[in-house]
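Peer 1: Spelled out from the first residue to the last, the chains are:
2 protein chains.
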Amino acid sequence: MELNLLVGGPVSDLPVDFISKIQAIPGDWVGADRGAVRLLKWGIKPVLAVGDFDSANETEVAAVAQACPKAVINPDKVDVTDTELALRYILKEYPQVRKVRIFGATGARLDQFLANLFFVLKPEFAPLINKVEIIDKWNQIQFYTAGEYELEKMAQMQYLAFIPLTAVQELTLKDQKYTLERQDFAYPISLSSNEFVGQTSHFSFKKGVICVVQSRD
Amino acid sequence: MELNLLVGGPVSDLPVDFISKIQAIPGDWVGADRGAVRLLKWGIKPVLAVGDFDSANETEVAAVAQACPKAVINPDKVDVTDTELALRYILKEYPQVRKVRIFGATGARLDQFLANLFFVLKPEFAPLINKVEIIDKWNQIQFYTAGEYELEKMAQMQYLAFIPLTAVQELTLKDQKYTLERQDFAYPISLSSNEFVGQTSHFSFKKGVICVVQSRD
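Here the protein sequences line up with chains A and B, keeping their order.
Each residue of the first sequence is one higher than the last, beginning at 576 in our numbering.
Each residue of the second sequence is one higher than the last, beginning at 576 in our numbering.
Worth flagging that the hints you see were computed from the coordinates, not collected in a lab.
Small disclaimer: the values here were computed from a predicted structure and weren't measured.
Treat the hints with care, as some may be off.
Note that the list lumps identical chains together, so a pair holds whenever it fits in one copy or between two copies.
[Stated by the list, open to error] Once the Cα atoms are required to be at most 20 Å apart in a straight line, the calculated SDA-like pairs of lysine to any residue come out as:
| hint | residue 1 | residue 2 |
| --- | --- | --- |
| 1 | 674 | 635 |
| 2 | 712 | 586 |
| 3 | 782 | 601 |
| 4 | 712 | 585 |
| 5 | 697 | 727 |
| 6 | 752 | 629 |
| 7 | 667 | 787 |
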């Protein structure tokens, strides 16, 4: 099964025509905080809503509580973001989930975006690392642990970036505009502005976590 | 001396009233690529312009070359972003620089933003780590190496975040809404949504690099 998670980032950074095309996105929806309120407004009933809803009014919270089969209002939430809390419930309620597309996780506050990027490094979320996808108007972000991979070029994206989030060993980029041969990285770095040369692209590495971004201007 | 660097990120993410108030920002300006073209349009003559200017037309490039005392057009630029290239020239031409405010380094392409965040970890830019400041509409970002520090609350910002970009030892947050006592972190993490309790805030750590973000919704 596939799930979609809407968190509370700025609407202006959501993918182009997101609201008008939301019904066509496959899979059930989960709303984190303000994301749950927005999903209801846009005609989507989340299967799960999680958050302290401190930015919503009473009517909105009541609507979320009534509409969602499972609504976790005002959870005990120390040291965890709304996104992480929603993912924690997703892991608990849908252990068989195959893919989680995350929307609304970027834009405006960069401390929140970085929390939404670095959460994959927490041992608690290791089961999700290869399954989550962060999508906004200009970027599609996926995460990889050591291994050999083939990427498929997204039609609307021009650039490709390999971003070690930890120390990484023996990164090899085989068939991109800029290639690499078993290079080590000791600290986080963004190898940005690379490009596909064909429809697919191959890379491999031995140790660490890499985030791959396909993006456009 | 202080310098300001404008790089080519989206104008919509620049600080509020940036263009109308740009003349009041103290210090000389450096323009990276499209940033140099914009500075000229906004009535600022950069002391230094660097970039391959692949997004500018001939007239714009000629204007930059004519207006700037030092214009580095089409430099040899492998494995380095426009921001990094500009900072490399800043280090070379202004070794005595005390502060570099960077604008236009955020928004839209997240691989570019992450390159503009992680560059401080490259040994080449170590001399700048405590001197650069990345500023946009919602965030002010500074970088710290091991030590004891006092932060001053920015009037317009509500949130405070401590973001280890590397493994960090013994992070202590003394007088924030959420405190910590000598905690270690093994990988990058964003400790977001903390807040000042007074006008200043104190923190210390033993090893690693931390980025501190003051932000607002």
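Peer 1: Each hint: holds or not?
Peer 2: Do the hints match the structure? See the list:
In this homomeric assembly, residue 674 and residue 635 never come within 20 Å of each other (Cα to Cα): the closest approach is 28 Å inside a single copy and 46 Å across copies. Taking CA atoms no more than 20 Å apart as the test, residue 712 paired with residue 586 passes in both settings, with 10 Å inside one copy and 16 Å between copies. Taking identical chains as interchangeable, the C-alpha atoms of residue 782 and residue 601 are never at most 20 Å apart, the minima being 33 Å within one chain and 45 Å between chains. Taking identical chains as interchangeable, the C-alpha atoms of residue 712 and residue 585 lie at most 20 Å apart whether they share a chain (11 Å) or sit on different chains (13 Å).
Taking identical chains as interchangeable, the C-alpha atoms of residue 697 and residue 727 are never at most 20 Å apart, the minima being 27 Å within one chain and 30 Å between chains. Taking CA atoms no more than 20 Å apart as the test, residue 752 paired with residue 629 passes between copies only; the shortest distance there is 17 Å, against 46 Å inside one copy. In this homomeric assembly, residue 667 and residue 787 never come within 20 Å of each other (Cα to Cα): the closest approach is 27 Å inside a single copy and 33 Å across copies.
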